[in-house]
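Colleague: Each chain, letter by letter, is given below.
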Amino acid sequence: MLRYANPARFMQLSAALLPWLSGAAAALIALGLYLGLVAAPPDYQQGDTVRIMFIHVPAAWVAMMAYGVMAAASLIGLVWRHPLADVAAKAAAPLGAAFTALGLITGSLWGKPMWGAWWVWDGRLTSFLLLLFLYLGYIALWNAIEDETRAARAAAILALVGAANLPIIEFSVDWWTTLHQGESIVRAGGPLISAVFLWPLFAMALGYTLLFFVLWLLRIRTEIFERRARSLMLEGAP
Amino acid sequence: MPLRVEIASLTAIRGGRVLFRDLSFAVEAGEALCVEGANGSGKTSLLRLIAGFLAPAAGAIRIGDVAEAEERGKLVGWLGHQDAVKPQMTVRETLAFFAQLYRSDGEVGDAMEAVGLAPLADLPGQYLSAGQKKRLALARLSLCDRPVWLIDEPLASLDASGKRIAAEMIAAHCGQGGIALVATHEPLGVGCARLSL
Amino acid sequence: MSALVLRDLSLAARAGGGAALALAFFAMVATLVPLGVGSDLALLARIAGGVLWVAAALAALLALDRLFQADFDDGSLDLIALSPHSLEAVSFAKIVAHWLATGLPLAILSPLLALLFGLPAPAILALFVSLMIGTPAISAVGALGASLTLSIRRGGLILPLLVLPLISPAVIFGAGTVLAVLDGLHNGALPLLGAFSLAACALSPFASAAAVRLNLAS
Numbered sequence: 001m002l003r004y005a006n007p008a009r010f011m012q013l014s015a016a017l018l019p020w021l022s023g024a025a026a027a028l029i030a031l032g033l034y035l036g037l038v039a040a041p042p043d044y045q046q047g048d049t050v051r052i053m054f055i056h057v058p059a060a061w062v063a064m065m066a067y068g069v070m071a072a073a074s075l076i077g078l079v080w081r082h083p084l085a086d087v088a089a090k091a092a093a094p095l096g097a098a099f100t101a102l103g104l105i106t107g108s109l110w111g112k113p114m115w116g117a118w119w120v121w122d123g124r125l126t127s128f129l130l131l132l133f134l135y136l137g138y139i140a141l142w143n144a145i146e147d148e149t150r151a152a153r154a155a156a157i158l159a160l161v162g163a164a165n166l167p168i169i170e171f172s173v174d175w176w177t178t179l180h181q182g183e184s185i186v187r188a189g190g191p192l193i194s195a196v197f198l199w200p201l202f203a204m205a206l207g208y209t210l211l212f213f214v215l216w217l218l219r220i221r222t223e224i225f226e227r228r229a230r231s232l233m234l235e236g237a238p
Numbered sequence: 001m002p003l004r005v006e007i008a009s010l011t012a013i014r015g016g017r018v019l020f021r022d023l024s025f026a027v028e029a030g031e032a033l034c035v036e037g038a039n040g041s042g043k044t045s046l047l048r049l050i051a052g053f054l055a056p057a058a059g060a061i062r063i064g065d066v067a068e069a070e071e072r073g074k075l076v077g078w079l080g081h082q083d084a085v086k087p088q089m090t091v092r093e094t095l096a097f098f099a100q101l102y103r104s105d106g107e108v109g110d111a112m113e114a115v116g117l118a119p120l121a122d123l124p125g126q127y128l129s130a131g132q133k134k135r136l137a138l139a140r141l142s143l144c145d146r147p148v149w150l151i152d153e154p155l156a157s158l159d160a161s162g163k164r165i166a167a168e169m170i171a172a173h174c175g176q177g178g179i180a181l182v183a184t185h186e187p188l189g190v191g192c193a194r195l196s197l
Numbered sequence: 001m002s003a004l005v006l007r008d009l010s011l012a013a014r015a016g017g018g019a020a021l022a023l024a025f026f027a028m029v030a031t032l033v034p035l036g037v038g039s040d041l042a043l044l045a046r047i048a049g050g051v052l053w054v055a056a057a058l059a060a061l062l063a064l065d066r067l068f069q070a071d072f073d074d075g076s077l078d079l080i081a082l083s084p085h086s087l088e089a090v091s092f093a094k095i096v097a098h099w100l101a102t103g104l105p106l107a108i109l110s111p112l113l114a115l116l117f118g119l120p121a122p123a124i125l126a127l128f129v130s131l132m133i134g135t136p137a138i139s140a141v142g143a144l145g146a147s148l149t150l151s152i153r154r155g156g157l158i159l160p161l162l163v164l165p166l167i168s169p170a171v172i173f174g175a176g177t178v179l180a181v182l183d184g185l186h187n188g189a190l191p192l193l194g195a196f197s198l199a200a201c202a203l204s205p206f207a208s209a210a211a212v213r214l215n216l217a218s
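Residue numbers (the working numbering), protein chains in the order written: chain U, 1 to 238; chain X, 1 to 197; chain E, 1 to 218.
In case anyone wonders, no lab produced these hints; they're calculated from the structure.
Please note: incorrect hints may appear among the correct ones.
[Unchecked claim] Output of the computed footprint for chain X on chain E, the stretches with three or more beta carbons under 8 Å from beta carbons of chain X:
| hint | region |
| --- | --- |
| 1 | 3-15 |
| 2 | 166-174 |
[As the list claims (entries may be wrong)] If you only want the chain E side, here are some residues facing chain X, beta carbon under 7 Å, derived:
| hint | residue |
| --- | --- |
| 3 | A42 |
| 4 | D74 |
| 5 | P84 |
| 6 | L216 |
[As the list claims (entries may be wrong)] Sample of chain E residues with no beta-carbon within 10 Å of chain X, all distances over it, derived:
| hint | residue |
| --- | --- |
| 7 | V29 |
| 8 | L44 |
| 9 | S86 |
| 10 | L125 |
| 11 | M132 |
| 12 | G156 |
| 13 | A217 |
These figures come from a predicted structure and were not determined experimentally.
Cβ atoms here follow ideal geometry from the backbone N, Cα and C, with glycine treated the same way.
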């Protein structure tokens with residue numbers, strides 16, 4: 001595994017993988033969209049608006065997974081001091097933030113027909129909002145520290161603390177929704193027992209995941225190219 | 001194991017620049033080493049490496065038989081080019097704080113006498129001149145009672161009598177078997193080996 | 001270690017007016033909210049727990065960026081790091097000092113402000129206890145934020161963004177404690193708050209020390 005961490009090897013491997021991953025991602029998302037938006041029947045309770053779920057839930061899943069990727073890369077960077085791990089963590093953050101934002105927006109769009117409001121303080125949405133802030137803080141920290149190595153380590157510490165805190169935050173928000181249950185209607189989505197709903201969901205989830213990896217690999221490659229370009233420029237200077 | 005500072009094949013890289021490469025030397029108990037070099041040549045970095053704040057790009061540093069960075073730090077008496085004097089704390093309070101923090105047996109009064117700050121004992125730091133703050137730092141250094149002194153530009157902002165006091169303190173410290181590594185632009189007035197970066 | 005705590009406390013008193021700034025901010029926010037939402041005491045009593053908790057959290061954040069920064073800037077942190085004490089112990093001492101200078105005074109003032117919101121006496125007690133137990137968590141997480149942002153110019157701006165999401169459980173449980181008393185329930189908020197505070201205080205010194213080490217190497 002560590003063989004592929006070397007930048008040159010990584011560049012070769014990622015260049016080889018990218019076309020396949022992109023193709024698979026595109027195909028799965030297309031499949032998922034077809035199954036979800038066209039083939040699947042409307043929900044008996046929510047009608048057609050349930051279809052937003054196929055865009056919302058996978059986005060939420062990837063948003064969480066991205067944080068896991070970021071935290072794992074941070075840990076590797078912190079313990080083994082591998083520069084590629086730092087780049088990987090940095091690259092994952094804006095993607096995670098974007099998927100979180102997508103989850104929030106689609107959740108809000110889903111909420112309007114469901115609960116009649118653009119935003120509800122639903123447990124899941126609220127946890128998500130906090131997750132978005134965790135991402136933003138992480139990105140801000142990277143940008144604020146000038147020295148790359150120091151920024152990487154500081155951000156890694158923050159990512160790990162956030163990862164440890166994330167289950168606690170979710171638990172506390174869940175607990176909070178039970179506390180305030182009388183004042184708002186919670187729990188998005190009905191029971192999804194029908195296979196007709198599960199297939200598009202899986203396809204979209206897998207498609208989004210692959211999409212994340214494609215974009216992530218692209219961002220890492222871009223960062224490596226940028227660093228190379230910078231060293232070349234510095235070497236060429238008198 | 002007797003006290004000695006040992007540097008082996010030390011390479012330091014800061015901000016992408018190689019400060020020095022493959023540096024090796026040793027300083028025995030009772031010796032002083034003056035580190036000379038232009039600004040930016042790495043004198044401060046060398047001291048910070050020995051103190052364990054920085055990690056070297058290559059090479060090893062030992063004090064006695066202690067190699068690990070943070071453990072080495074516990075053997076170091078530090079006088080950096082920042083004076084670490086709080087404007088709101090008096091001379092006596094500053095010294096008392098560090099004496100307590102370093103669990104020192106030294107007497108604050110004696111330390112103040114030695115550097116000529118006794119009359120200013122209850123003056124808050126904000127009223128001290130640069131030279132007086134440097135003397136305060138010297139007093140603190142001796143109070144902290146550490147075997148290896150790492151000193152960055154001790155003579156800066158000191159007047160003639162202050163410089164004499166600094167030289168005497170370093171000589172006394174080495175005379176008692178301590179080690180002093182001093183980064184300095186000017187001649188110290190103490191017999192010391194010289195290292196140019 | 002008590003030397004460091006005492007020194008930080010006396011510096012806070014001499015340099016920054018001690019807890020005065022945080023207390024004034026706390027009181028000001030508590031005053032602004034009724035101005036914003038209206039003087040209906042029934043409503044105010046309902047939101048008091050949350051409002052006062054948020055106000056206390058913000059007030060505690062005020063002086064945080066100086067927690068390590070002042071010592072870092074004047075070279076004291078170098079000397080402290082070389083002392084016989086571990087950086088973890090130093091971080092813990094800083095957390096204690098910060099709490100004594102901000103969290104504790106805020107908790108003590110809170111009953112007075114709770115009166116402005118028409119909270120009944122048992123709820124005021126709950127608020128006071130929750131702040132006493134919960135504000136250490138704010139100091140602990142705040143210390144982590146302060147140590148991470150040490151080298152940043154104007155790092156004080158990014159500090160709240162880092163710290164506030166991480167202390168959201170404390171706000172939730174803290175306000176929940178007050179609500180429990182108002183509604184006559186046992187919702188387990190206080191033990192949860194205690195657990196969170198304990199965990200934060202136990203873990204933050206390690207993370208903060210790592211961040212301090214990182215910044216000393218610059």
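Colleague: Does each hint hold? Answer for all of them.
Modeller: Going down the list of hints, with the structure as the test:
no., hint, result
1, 3-15, "holds (count 7)"
2, 166-174, "violated (count 0)"
3, A42, "violated (47 Å)"
4, D74, "holds (5 Å)"
5, P84, "holds (6 Å)"
6, L216, "holds (5 Å)"
7, V29, "holds (28 Å)"
8, L44, "holds (40 Å)"
9, S86, "violated (8 Å)"
10, L125, "holds (37 Å)"
11, M132, "holds (29 Å)"
12, G156, "holds (20 Å)"
13, A217, "violated (5 Å)"
In summary, the numbered hints that this structure violates are 2, 3, 9 and 13.
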